[in-house]
Structures are given as structure tokens and as C-alpha cells.
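Respectively, the protein sequence lines represent chains A and B.
Position 293 of the first sequence, counted from 1, bears residue number 293 in this note's numbering, the numbering being contiguous throughout.
Position 190 of the second sequence, counted from 1, bears residue number 190 in this note's numbering, the numbering being contiguous throughout.
Calculated directly from the structure, the hints in this document are not laboratory data.
For glycine and all other residues, C-beta sits at the position ideal for the given N, C-alpha and C.
Just to be clear, a hint being listed does not mean it is correct.
Stated by the list, open to error - One side of the interface only, derived from the structure: several residues of chain B facing chain A at Cβ under 7 Å:
| id | residue |
| --- | --- |
| 1 | Gly5 |
| 2 | Asp9 |
| 3 | Val12 |
| 4 | Ala21 |
| 5 | Ala24 |
| 6 | Ala32 |
| 7 | Ala351 |
| 8 | Pro354 |
| 9 | Arg355 |
| 10 | Thr414 |
| 11 | His416 |
| 12 | Gly423 |
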Amino acid sequence: MHVLVLAGGLSAERDVSLRSGRRVADALRTERPDWEVQVADVDASLLTLLGDHRPDCIVPLLHGAAGEDGALRDVLESLGIPFVGSGAAACRLAFDKPIAKELVSGAGLRTPDSVAIPQSTFRELGAASVLEAVVGRIGLPMVVKPTRGGSALGASIVHRESDLPAAMVGAFAYADSVLMEQFIAGTEVSIGVFERDGDVLALSGVEIVPEGELYDYSARYTAGTTEFFCPARLSEDQEMQAQAMALNVHVLLGLRDWSRTDLIIDSDGQPWFLEVNVAPGMTETSLYPQALSAADVSLGSVMAELTEAAAAR
Amino acid sequence: MTTGGSRLDPWVDSYAARANAMRASEIRALFAVASRPEVVSLAGGMPYVQALPVEMLTATAQRLLVERGPVALQYGSGQGDVTLREQILDVVGEVGVTAHPDDIVVTTGSQMALDLVTRVFCDPGDVVIVEAPSYVGALGVFRAFECEVIHVAMDDEGLVPQALQEALDQAAAAGKRVKLIYTIPSFHNPAGVTQGPERRAEILSIAQSAGVLLLEDDPYGLLGFEGEPPRAIRADDAEGVIYLGSFSKTIASGLRVGWAIAPHGVREKLVLASEAAVLCPSNYAQMTVSEYLATQPWREQIKTFREVYRERRDALLESLQALMPEGTTWTIPAGGFYSWLTLPEGLDATAMLPRAVANLVAYVPGTGFYVDGQGRQNLRLSYCYPEPDRIREGVRRLAAVIEGELELVETFGTSHVLNRVTGSSVPAPDLA
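Same shape as in the complex, but just chain B:
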């Protein structure tokens, strides 16, 4: 309420209630420091695009503009370029998914697909079941549509079926409408774990029995370090699963090309919702991806990415094993970008972050991956971007920070801080 002073924003009383949480955040301020080269950032999730064959990409982009410029620079279809949709079938074939090109909706990154699916299915108050912890970008979308988000426990093999069943039962008993079960079955962000085949089958069976749509997010599925890529849940149910995929990690995140594969009725609505939101995904970006897939050895490039990330994962795990204080545990990712670390009892990852950044290492505090304040003792470490030597140095610094924090906790008998942190506690997407 204005009483004659200035609040420096004339629209302050006009914002939607959901904008209340959009505030300057001291955690975000710390991530601004993490962008400096002196800091070893184990915080961001930027793919290592330097591993791409830049000359070939340059030639691809040039050829595209010279030969098909008028099309590439024009509006396109709301559903996405048909040639690309056919090529996406080759990509998802790697995880066992078969579909028709018409089942695919191309989106501006799979983040937009998340937005569209939620927009189409969720009214305010509807329940979305997610893993504990879950991808922060998905939580942001669910919150924006005012969904009730319920976290379900994970173990070393991801979402725990029994806990999922209990959550569904409790929601039903409370008369709540559960619209989506959101899961990242392969190389989870942030937990770093992967559901085995039996676990996937159990989860699918529970979703089918409950009549709830499964939203399978699979950006890392092709980035496993051993064996064949895990078979997608969607491969075993075309009607009960919406599958989200992305070229952000397998080609380049800057192109912003992702997709949803959805049952017919859903797909029609996704296309209309997409047209309402953005008219169409970028033709230029789609055609660049399409040209790349048509002319470059993309499967070989994915192998290169796997090798890069495996070497970095190994550097992280070896350093953690060698340096972390007693009582610290972490997940062992078999692919993807992340390991989920649990601090010794009593430590608080959010409270510790300023000290970490002052000691030139950054991570993402665990609370950002929950909607309900869980995750204080956890943090996400990403190994996708820094070189192995930098990762080792980062872990060395982090270990010293944790030792210092243990001393602080021992001195004061608590690791919690008095003031609640407001605003976002995760970095912007452009942090390495």
C-alpha cells in the first residue's frame, strides 16, 4: 500500500500473486560471482559445446542460409518442420521409441514442451507428482500454473514405486486430482540416478492403474557411460506417456530445439497451445538441426560427448572419494551431468554457499530442487563443463569449505541461518 513514498515500481500493485516470489535473491547474487573464471563452477548445467565440430557447423549454417534462406528465415509450422520430425524418430529409436512423425511436436527446447503439457493439463490446484528432488525448470513451470507439487522419494534406482503408490492413494483419499507424474528416468537431474528396466515397468504399471499420465523427460538418455541407452518408458506405452526430448545436450543448447511425443488427442492440443504461445518454433534452428542430422555423423558426436563427460564424471568421483570429509555421501551417475551430494549431518548447503563462493567454488544448494524446503543437507554437483583438473581443484576447495562449516556447526551447535532466503536459489541457464 502506497502511503506517499516511492516504491520505485509503479506497477507494484498490479502483479499477479504468482509473481510475489520473483525477487532479488542473494543466492543468485552469489552465482554472479561463480561466472568468474577464478571460481570453479560445479553449479551450472551448460553442455560442453566446445566438443562440437565447429567448422562443420559453420558450413552447415552457411549452406542453409545460402540454399534455403527464404524458408529458414520465414515462419514455420506450429507443429515443427516435418523433415526434422522424421529425423527425430531416428534419434528416439535409440531409446526404443517408435512413433509417427505426426506424433511429434517440436518445441523451443524441451522446457517449452514442459510448459505446453502443463498448460494443456493443469488447472490451479491440480496435483503433479514429481521426484524428490526434481528438475528445477519443471518445478518452475508447475508453480507458474499454480499446481500442487507433491514430491515422492527416490532411492539409488530413482523414483520408489511404493512411495509413488502411496502418494497417489493419499491424493485420491484427499479428493485431489493428480494430472501428471513427472519423471526423469535416465541420469536424473539433479539426483544422478537411473531407473532400471524393472523399476520403469513398475512405475508405468502404477501410473496406468491410477489412470494418470506419465510425463517422461529424457534429455540425457543418450549420454550413458556404459552399454546401450536405457529403454524409454514411452517405448512400452504410446497412450499413457508423453515423452520429452531435446537436442540441447546431444547437439547444442543454444539452438533451443526439443520435442514432445504425445498421443494423438494430446498432440493436437499441444500444437494449438504452441501456436498461442510462440506461433512456431524457430525455423532456422530446426533446419540447422535437421541439416546437421542429415549430413554429420551425429551418433559419433554423441559418443564423443559421452567420452568427455565420462572422463569428467570420473574426475569428480575420484576426487570426492579422496577428499570428502567423513559423513559425506554422493550418488554415482552412470550418465548425464550431475551427482547429488549429501553433506555430513547437520550441515546446510544454502547457508554454506557464501563461504564456498568466497573460496572460489560453486554448487547448487539442494533446496532449489524441492518446492517444500527439503534438500538443506544436499547439493548438486555438475561435472559437464569444467575440465577434469578444474573439477579436482573444485572438489579440493569444496572439501575445505565443508571442513570449515563442520567447525562452525560445532562452535554454534547449528548450521541454520536466521533469515529465510527469498527468491531463486538456482542459477540462470547461462552459468557454466
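One chain only, chain A, in its complex shape:
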């Protein structure tokens, strides 16, 4: 089988994506030595490459826009090339945090109260009065982050109203619209989901304990700065609820093959949905590979299974 892993791209998570791509490609080569596994960047030469040497399956490991917003997958669907992961339409729902939250909330699952506002609205209505209204509704502390994008780029936790403008500037550096979300104190947990033989399965939660308050870019990709517990230090019931939420989100948004849901377990043991990733990071410090490792499942075997299933679609 000829497999093409797509990694890189033009998003701010390019470097993370390249590392994810190389890692998955290596795992696939080890698991299936007879496969031809290539890694390619997404640029103007991609369609020529696909035309000249059409792969049997593509593994999109692009993070951020283009990789997770469904655009590239639209192209792959148009070309009729099978790929691992969710379809374009589902990606569009998952990648946009406010939309995903609205769907999740609509299905009766807990997600922190939030407001998403584009920069133009702040400009037209005046930032101070808009922020005052948002604080009035959501309260402090709150989480401010771009509505689209990952790796916590542009995200911050705001405790004081006077810090809000700086938080907004940080978030608007990465997107034209910002999500302001109620801060839920608790345990940060990530749940990996994958499909096997028609079943949707949840891995054990990975509990994240960053050095500082925020699990930011540096904490994510500097080995040693964050402590991980897998399985998470949750009661059996809490773990089941968290897994159930990740499975529900996966099904509700129409995701396919695999996903990773990030959530908070509050002091009462209740899970709160934060966001879901359709192309989870697969670097040395990423969460999904840790969950696989804790389950004694090799990254290569899962990726090979998903690739075979996708190629057969």
C-alpha cells in the first residue's frame, strides 16, 4: 500500500505538524515494512504529486487551519482519494470552537458558558463596553482564546478585568474572532477516541498538570515542563463520564476514525467539554500517543488499522 502522510502547511502549528507527521510515518513503516510511506508538505506541488503518484490512502496530520478546518479534506474528497480521519463537513463543525460548543451544549452536554466575538464588533461597539458586558455575563476568571486554532496559541486565563484588553490582543494575533469562556477550575483531561471494526472506543484519560497555570505552547512541547498522569487520577465513575463525553462528542459531530477531546473535570467530578481535535498532535510530548502507550497499544498498529480501514472505504 502506498500511504502519504501530509504534514507541515502554513499554520502556526507547522512545526508541530511536521513532527507529528514524521512520527506517524515512522510508526507506519515499522508496523508495515512492506508499505510505501511518504511524508509530504501541503503546497502548490501537492496536486501534481497526487496526480503523478496517487496514494492508496492519505493520513492528514496538518494542524490548524487548512488541516483541520475541512478545506483540504474537501479537496481530497473531490479527488476521491481516501484519507484517515473525519470528513470535511464534520471538520468544519469541530474546528470552529463556538460551533462545536453550541452543538455539544445543544445535546445536553456540559460546556463552559462562552461568547465569541469578532474584532470588527469590538471596533464598532467599543471594546470597553463589550468587554464589560461579557464580564457581566461570564464573570472572572475567564479563558480567552482564538475561535479557531490549536496548541493554545493566543490563549490566556484572565483574572482581572484590566488584563482583558491584553488578552484580546494576544488572541486576535491568531484569529479574527475570539472566544471568551467561563473558567472552570478542575482537572484538565484529554481523551483519545478511535474507531475499530465499527466500534467507537475511548482511551484512558491523560491528566495534564502544567508547570504554570496555562498548558501553553511551551508547556506542550518542552519535555519536562508538564506532568502527565495516564490513566488520569479520577474515580472510576469520573473516568467513565469523561470517556462517555468524548465518545458522545465524536458521534455527535459526525467525526470519523479518531479524535481527541479536551475537557475539565470540576470539583464535583463533572466533565466539561472544552474542544475537540480532528488531527490530534502526535509528537513526543503529545497526549494521544501517551494514551495509546498507557493502553499498551502501539501507535503504528492503530494508525495502520485506521489507514487500512480508510483505504477500504
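We have chain A already, so just place chain B on it with the hints.
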């Protein structure tokens, strides 16, 4: 402290304290995007080696291996190849430096010379005085040796003598030991300015009076766009100045050949320090440079480089003049690779970088050229690598980004972001 979880690095408690700042950086992540061809990178400092006569270099390398392979592929002297050291005297003669071949220590790029000089002179806590802003590679070395770095103001003619004197006086009054005054007098990186002859004399006089060694870094000295190359400070003091030079910009950065010219006692220690660090610089690289200098019209090639860079500098300056929003200022380099831009009041170059990269243009935020958080309103633009048309397009994109940032600042009343950026905020050396 481990409490039963995993931190994914079993050596996390073993690192030296100085490694604490070595972290993944979201700014570095943005530079990964800048390496894509869609992005006009005005960030890196890669010389335009495409302007070299590749056929001649190929022939040189081949002849070297065929005729002197066993020597070229062998260990060499810690001080460096003696023939090359003699040839370096011809090169530094262009900036007025006279010396003996024994005064020269060949190094793996002048970056290694910076490391050796600091290693030999500086104990933790010793003071190194640098320009504000200063070369990021030097700051990295000074930090690695746990020096206290003190920035001294510059103006359009570089390091300000009065500010240097004040810094020395304050350090002396505080009982601090100032070991080095580090300066890039010609075509400064990143500031793009050049010290005139009188300024150089003043600075040298101050260093001499204070009894502090001057570390003169001169990688761009031969790349001036007008007139003769500026006379090096070392040309007027062989005992009080260590002169660092490099073939990275005049031949090829990939060869990694630089040098230090130092007083006798210092040079002996530099050689021993070099042997301890790397045994010897690459014989193969040194002999390639030596062969090139012996057989090729290297002065003509430097003229070619000057022409290439002058055309690019002009493209940058003309575009900046035509497109930059009011309140933006920049230096006008008379040589070298860089212009130093100051954003309109209230803007923050680090906070703006994600938006710039999303709009397919990259620069280096000014904070990377300071150890103390200065430079938020500044950025370094390099014109050495992109073609003139790309430079114009890059400036056009940058101007639009700055306009957008002004709007953001107007909306929120601040340009600062809440979270402190950690890790490096400058690109790796292989970014164009």
C-alpha cells in the same frame, strides 16, 4: 518534582540552571512557517551564496581532494592552517589591520571565536557591555557563561561614547568587573548603523582608559555600499582589541570559517581553549577557503556581493519610504544585511508577529536583541536573501499588517499581550 506522573524527560532534574530558558517557543514555531516559499522572509540572515561562482568552487573542492586529500581530511592545528592565516592578513588588510600570522586563531565561524573569548575571560557574574540592541548570537554566548550583560545606547552612528562612559562608571561604582566591551562597528547587526572614524577613536579611548578589552566583531566590514571599507578599531590598537572576522559573508557561511586576531597572551589561551572545545577547526573547510583565496578573484566576488546587497537594500528602503504608515522609522544601512525598524508608538513587534506570518511576511522582533526586555517596538528587517521584487512585496504585506495592528491597538488601547513569551524569539541560522 515528580509526584508519580510522567514528565516525558527522565533527565529533567539534572539540567543546569542555565538550561531553564531552553524551551519550545511559539515565536520559533512561527519561524518554521517563514521557511515556506509563500512567505517573504525578512527575518533570517542567510548570505546570498547563489551569487558565488559555483563551477569554480566545485573545481576548487575537487582539486583539493584529489591533490591534498590526506591532509584536508586529517586533524589540523588547533590554531588553524598557517597558509590560511597568512591569507587572512590580506583580507584584514582591507580594513587596515596589520598583524602576524601567529596572532590569528582560526575558528569554526566567528561565533566560535566569540565563545572562546568569553570562555577565556568571563567568570559568572562578570560584566560584558554590549550595544542596545546587540547581535543575538553574542548575547547567547554571554548568557551561556552567565555574564551580566549591560546594554549601552546607540544612535545613528552606533555606540554612544558618553553612554559607554556612564555604563563603565556605574559598573565601577557598583564594584562590578567589566571584562569586555562588545561592539559591531560596521554595518551593525541588527541596527544597520556604522561608527564613523571619530566615534571609533572615542570608543577606543574610553576602553583604553577604563582598562577594558574591546571585542570588535566585524563580519560585514567588507560589505559597504559606498567608498572604502571602514577602518577597523583593531587597526589602531593591537593590544587592547580582539578582532573577530568571518568568511561567512564574503565567501560562504556553510564553510564555517572565521577567526580571531588577539594579543599574544590572549591568543595562546584561545588556542588551548579551542583545542579543548573542538580539537581543531575543520581542515577541509580551511583549505577550501585557502584554495579559493589563492586561485579566485575574491575581491571581485566581494564587489559582486556588495552590488547584490546594495540593490536589495535600495529595494527595501524605497518600499519602506513609499508604504510604511506614519510614525514608522528605520535606519539606513550603508552596508551589511539589516535595517532596524521602529514601529509607531504603542505597537509591539512580538505580539504582531503571528499576524505578520499569517499574512506571509516575517521579521525578527526586537526583543531578541536585548537581554532585558527592551525592543518591543522594534524589529529587524534583513534584505540579504530575498530578490528585490520579493522584498517589495514583503514590505507591502508588512505595511498592511502594521495598519491592522494600529487598528487593534486603537480598539483595545494596548498592544501588549497577557502571556509572556518564553524561549527563543529569534530564528535558527538556516532561515532565509
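To see whether the hints hold, each was checked on the structure:
no., hint, in the structure
1, Gly5, "4 Å, holds"
2, Asp9, "4 Å, holds"
3, Val12, "3 Å, holds"
4, Ala21, "10 Å, violated"
5, Ala24, "4 Å, holds"
6, Ala32, "4 Å, holds"
7, Ala351, "6 Å, holds"
8, Pro354, "4 Å, holds"
9, Arg355, "5 Å, holds"
10, Thr414, "5 Å, holds"
11, His416, "5 Å, holds"
12, Gly423, "6 Å, holds"
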